[in-house]
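Dock chain Z against chain C, hints included.
Spelled out from the first residue to the last, the chains are:
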Amino acid sequence: MNVEPIPLNASLLLFLGIGYLALLFVCGAAAERGWIPVRLLRHPVIYTLALGVYASAWAFYGSLELAAHAGLGYLAYYLGAAGAFLLAPVLLVPIQRITRTYQLASLADLFAFRFRSRWVGTLVTLVSLLAVLPLLGIQVKALGDGIDVLTASHQGSGIALVFCLMIAAFAVFFGARHSDQHARHDTLLATIALESIVKLTAILVVGGVALWGVFDGPQHVQHWLANDGQALQEQTPKLEAAQWRTFLLLFFAAAFLMPHLFHITFAEGLSRQTLLQASWTLPLFLLLMALPVPVIWWAAQSRAEMPIALPAYAIYMVSEHSGVLVLAFIGGLAAASGTMIIIALALSGMVLNHIVLVARPPEARTDLYGWLRWLRRALIIGVIISGWLFYQSVSHQPDLSTLGLAAFVGMAQCLPGMLALLYWPGANRNGVITGLLVGTGIWLWGLWLPLFIDLPLPSLPFTPLTPADAPLWYQITLLSLSVNILLLICVSLFSRTSDGEKSAAEACSVDAVIRSKRMPLKAVTVTDFTLHLAQALGDEAAGREVDRALKALNLDSQERRPYALRRLRDRIQANLSGLMGPSVARDIVDRYLPYRHDELPATDDIHFVESRLEAYRSRLTGLARELDGLRRHHRQTLAYLPVGLCVFGDDGELLMWNNALTELSGINGDSVIGSRLDSLPPPWSTLLGKALHSASSPLYKEPAHLHGQDYFLTLHTAQLSGYDSRGGSVVLIEDHSEMKRLEDELVHAARLASIGQLAAGVAHEIGNPITGISSLAQNLRYDTEDPALLETADHIQQLTQRVTRIVNTLVGFAHGGHQALPMPCEPVSLSVISEDALNLVYLARSNDDVRFFNTCPDDIVVCGDGQRLTQVIVNLLNNARDACQPDGQVQMSAGISEQRAWWQVRDDGSGIDPSISDRLFEPFTTTKPAGKGTGLGLSLAYQIISEHQGRIDVASPPPGHTCGTAITLWLPLYPQDDVKPYAQNSDC
Amino acid sequence: MYVYRIVLFLVFGGYLLSPLLMNGWGNPDIAWYRPFLIWGSLIALTIWLEQKRKLDER
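Taken in sequence, the protein lines are chains C and Z.
Position 393, counted from 1, in the first sequence is what the numbering used here calls 393; the numbers after and before it change by one each time, with no gaps.
Remember, the numbering used here sits 1000 above the position in the second sequence when you count from 1.
Pulled out of the complex, with its shape left as it was, chain C reads as follows (with noise of 0.2 Å):
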């Protein structure tokens, strides 16, 4: 049988090949303008497709290759990235956090930030070049030789050049538009999960025909294995365990060290959730893409009439239709092109940040993000080309995985690194050095030069424990990595670690414990950042910098807090290591954003390392969580505690702002927390300070104004101390404001009860003289017919007993402020009783322009003491009187509503003082000039209306007016079978 594919021909497929890339292009475009719902394009699902990056050309070709030499082995592939997702919750997960806390994009990002050496990045950056190199050159091995194979010519070169170029200007539309290499990239994305689509459809569909069209369907398969294909397979190699092992573990780095497969999960924004979700849907899209491989190399066997020379390319042998030959290739163009955009892309920002930067730092650029993004552009294209040419170099090698072998082994030689980075705090930038250089060393010597040119290989140390037979790559893993182990264990244990390495170990570490210092820096606003970076980064960039952070942080431009400081500056630091790398922004930040080195010693940032347990709180886990609970149970305890509390580091600092104290000050702790006692607003700042500084004894009643009250605050101030403690003060604030209104009204009832008892003894000294003056004025009724002096004397007896009441109240008053006597309940017209009260007035009044108007009915009859209504409404038209101005008005009138009388005494004068509005009744409140009142005129008006079962309305001004004052009595009506309702004769 013939299987041999029907030579195709090249201009087709360059045609069809440029006719793909055309089409991501359109998708690309269509996702930049809009045309592709955001919501789509931040799905899950392609987060998850895009991941499907990993699976390279070697996915579709090399592993028929390794089908074809191992068996099985070829799985390792899949298993171990598969099993590196698995543990996405223990390794991807703490990756995650620590390359988004900080900015990092590359794997040589990260461990320059946590071995806190530019020369780690560089030697990380140029391992990765070196190991991605065949890989890169994999992909367009397997376009031009696939080329060579379906055409049955040699054009494949020339053609997948054309390729590379196309790639590459993709790279460069979709991929460089921001220079910030930490931005996020929706459109990329959507174009790698479209070409994980077309790659994944092709493979299966392939795999469909060899499986529905070769055999019969998964039974035949068994039998032809049972049959015909039992001895082919018998003669398939089969991998030793150890070897296996080896695989999975080269195939496990690769899945998060491989600088594409870094990219897309920690320099992509993927979520957290997301990353978990990808520990089951990645390995389930590796699962599919697994699944045709045996079926293919079996049903390529089948139809072979001898053994296949190119079992890479076993995939054009299943079929003879174009059409199945056209979706292979393109499925093959998706895999390859795919991983060469996300290589050229985290490859050009590494060797940017690390070698390009490094050499050549941004001095004050006036286009500081051009410059970046035109370097980043150039080198996208330089990794891309240098791909190709790697491909035309190592053109002599047949296979695709020695050439996958030595980039996998290259890669592996940061896993040791890696794990020290997150598992131990010890490691350091030494050990790290020693053991890659090494290790690298030994696969570049064993593996990646072999390549280009022939070595000879002396006897390896490790040869002895390696069976006889055992292939170089095994050989060549196990010497480089456990050389790399070795040497990265040993000097790192005897070798010092810096300050800077330890406080990143902290920060990298699983279990770190974060230990932030809160240390003063010398840039004291916001316009000093700027101004400083500005010296680095040129006006324009700082500016936007330090916006930028500003923004992220939800900060404002004036602030001024040192804790807000600090994080704006871990924020531009974080920022620039996006855009430069973290090396370059360290430099920039520590020279041109120093902290401040006072006497003082630093002390730990609290508030930051407590946000950031809030933040982390649910990856907590057993003791860690329990004891997370207890400190937020203790948390909510200050935090709710019914009484003003606040901490003071011993720097000033202020830490902590409970909710009673917000309440109280009306200021929210998030905008105060963080900043000096000095500038907290006023009062707050003199008043704690003042408590600080008399730590020994509580401050009592200090008076404060807020919101526009006067308050009374006490203070008690301790001094933290004692064992593991960070220092510190704690200030209780107490509001006394309402026990001092207490206070005060008691001392004020006293005076009252004082007043009382003396007013009740001068009644009584009154009361013999006032009693001698109306018998005398009775006897000067006997004495005289005179008109006049009967008339004088009427009112002289009238006044005494006015008098008498005035005296009877007061003895009233200072007995428990109950009359003495029980209320009558007689007739009283209002109307009469109000022409009463006006002659009253009339007999005393010392302003003869007031007007007086009584317009009171004469039908409405009260119940009450008439003597003493009047006295009531005398009082209140004296009051009404004396507020008014010469020419003013006093209305008297009166009505029924809701079953009661109202009783109205109505002037424009001046209203009444609001500052004694809350406290009218109470006896002695008066504006009036001393000698003119005594105060106790409406006290008294307000005792006789409520023992009336009535009340008191004031309005000032009344409604629909601007000045005077209203004041209404509401009394009750007297039964409608009334008697003669009561009238004031003279006698009384």
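Among the hints, erroneous ones may be present.
[What the hints assert, rightly or not] Calculated pairs, EDC-like style, for lysine to aspartate or glutamate (alpha carbon to alpha carbon, straight line, at most 20 Å):
#: 1; chain 1: Z; residue 1: Lys1054; chain 2: C; residue 2: Glu626
#: 2; chain 1: C; residue 1: Lys238; chain 2: Z; residue 2: Asp1029
#: 3; chain 1: C; residue 1: Lys740; chain 2: C; residue 2: Glu922
#: 4; chain 1: C; residue 1: Lys690; chain 2: C; residue 2: Asp710
#: 5; chain 1: Z; residue 1: Lys1054; chain 2: C; residue 2: Glu614
[Unchecked claim] What follows is a list of derived Cβ distance ranges for each label pair:
#: 6; chain 1: C; residue 1: Ser395; chain 2: Z; residue 2: Ala1044; range: 40 to 50 Å
#: 7; chain 1: Z; residue 1: Asn1027; chain 2: C; residue 2: Gly323; range: 26 to 36 Å
#: 8; chain 1: C; residue 1: Gly269; chain 2: Z; residue 2: Leu1055; range: 56 to 66 Å
#: 9; chain 1: C; residue 1: Arg741; chain 2: Z; residue 2: Leu1055; range: 27 to 37 Å
#: 10; chain 1: C; residue 1: Ser395; chain 2: Z; residue 2: Leu1055; range: 51 to 61 Å
#: 11; chain 1: Z; residue 1: Leu1055; chain 2: C; residue 2: Asp670; range: 44 to 54 Å
It is worth saying that the hints were derived from the structure and are not from the lab.
Backbone N, C-alpha and C define an ideal beta-carbon position, used for all residues, glycine too.
What follows is chain Z alone, placed relative to chain C:
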């Protein structure tokens, strides 16, 4: 944390036992798709563990 321990157990257990897979290649007594069935079962188990983890974190 217990979920993570199960995952760790699965991965390292699988790592140690996985060489047994090699015997399946071309063995007519073993269904050729059996490794994929085992793989699929592991994925189902991972989905279940993921749901359990989500409930734990709520």
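- Message: So, against the hints stated earlier in the document, which numbers end up violated here?
- Response: 8, 9, 11
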